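Using the sequences and the accompanying hints, generate a full structural model.
Taken in sequence, the protein lines are chains P and X.
If you read the first sequence in this note's numbering, its first letter stands for residue 55, the second for the next number, and so on.
If you read the second sequence in this note's numbering, its first letter stands for residue 7, the second for the next number, and so on.
Simulated from the structure, these hints should not be mistaken for laboratory data.
Careful: at least some of the hints might be erroneous.
As the list claims (entries may be wrong) - Facing chain X, according to a computed beta carbon distance under 7 Å, are these residues of chain P, among others:
(1) 93
(2) 94
(3) 129
(4) 152
(5) 155
(6) 193
Keep in mind it's a predicted model, so treat the numbers as computed, not measured.
Glycine is no exception: its CB is placed at the ideal position from the N, C-alpha and C atoms.
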Amino acid sequence: MLTETAVRTQPSKTRKKSAHRNLPPRSELFLELRLNSNPEALCLVRAALERATEVMHFPEPDCRAIVRSVDEALANVIRHAYKGRTGLPIEVTCLRLWSANDGRTPKGIEILLKDSGIAAEPKKIKARSLEEVRPGGLGIHFMKQSMDVVEFHRKRGKNLLRMVKYLVPQQPEARS
Amino acid sequence: MQISARQSTGGTIFDVAGDIDLAHSPMMRKALLGEIKEKKTPKVFINLKNVRYIDSSGIASLVEGLKASRDIGSRLILFALNPSVREVMELSRLQKIFEIYENEEQALAG
Numbered sequence: 055m056l057t058e059t060a061v062r063t064q065p066s067k068t069r070k071k072s073a074h075r076n077l078p079p080r081s082e083l084f085l086e087l088r089l090n091s092n093p094e095a096l097c098l099v100r101a102a103l104e105r106a107t108e109v110m111h112f113p114e115p116d117c118r119a120i121v122r123s124v125d126e127a128l129a130n131v132i133r134h135a136y137k138g139r140t141g142l143p144i145e146v147t148c149l150r151l152w153s154a155n156d157g158r159t160p161k162g163i164e165i166l167l168k169d170s171g172i173a174a175e176p177k178k179i180k181a182r183s184l185e186e187v188r189p190g191g192l193g194i195h196f197m198k199q200s201m202d203v204v205e206f207h208r209k210r211g212k213n214l215l216r217m218v219k220y221l222v223p224q225q226p227e228a229r230s
Numbered sequence: 007m008q009i010s011a012r013q014s015t016g017g018t019i020f021d022v023a024g025d026i027d028l029a030h031s032p033m034m035r036k037a038l039l040g041e042i043k044e045k046k047t048p049k050v051f052i053n054l055k056n057v058r059y060i061d062s063s064g065i066a067s068l069v070e071g072l073k074a075s076r077d078i079g080s081r082l083i084l085f086a087l088n089p090s091v092r093e094v095m096e097l098s099r100l101q102k103i104f105e106i107y108e109n110e111e112q113a114l115a116g
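Given below as structure tokens:
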């Protein structure tokens, strides 16, 4: 698994094509979903993500990894941030990432999850050891194992999860 | 997700179809624990041939079933895992913890 150290994409700015600076866009909005915190809705998100990742030409195992990570993240939001309550809002935003060099070469996918649930405790976001055979605690492990970047933030009363998967594994210094 | 039970030599076979996810893993857990803890069936088989997807809550249900079966000295046996389910078992490092067979015939003979 890789970890990210380089410059982060800034969707709201890059989507404006950076025309004034003559720079190619680094990302564009690809898919935006708004759903309620209902476990029954997860299959719909999985179906949409499965198609989206196929369209973006991810290899089949990576498509499954991305779908699994988003599904696990949403399940965590429903179970932990919203304590199992249904009908509360969750936003899923998928951005297509482009190479910073030419703005045309596909680079990967960035997925942003936003919820208004209770703040997650950083201690509980850590993947647990797999040595112990017990139910629970595997979701974070799946996400960290499957994605190149998994970052969690709390901002203005909302939980924000950012996950990135690159089409081609990136060296940290080449990720800008 | 759909789950149905049938009897076979030495145990009960659960045929599961669909996705074992957050919405459906409680159903899986209830069926498994009912069979193991209440009925004390000596061998419980789970046919995963038609399971397209399993998440961590589904895996947790299977682990609970496994622990319950060990507690009473019975066996929980999985068979016919598709690549997606097998991948999740491997990610969880549970492929060597569970008894897993390629197909029903091998599972029943195991």
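Evaluated hints:
Look at residue 93 of chain P: its Cβ gets to within about 4 Å of chain X, closer than 7 Å, so that hint holds up. The beta carbon of residue 94 of chain P is positioned within 7 Å of a beta carbon in chain X (closest approach about 5 Å), and the interface hint is therefore held. Because the beta carbon of residue 129 of chain P sits about 4 Å from the nearest beta carbon in chain X, less than 7 Å, this interface hint is met. A distance limit of 7 Å between C-beta atoms decides the matter here; for residue 152 of chain P the minimum to chain X is near 29 Å, and the interface restraint is violated.
Evaluation of the residue 155 of chain P hint against chain X yields a violated restraint, the C-beta minimum of about 33 Å exceeding 7 Å. Using the Cβ-Cβ criterion of 7 Å, the hint placing residue 193 of chain P at the interface with chain X is satisfied: the shortest such distance is roughly 4 Å.
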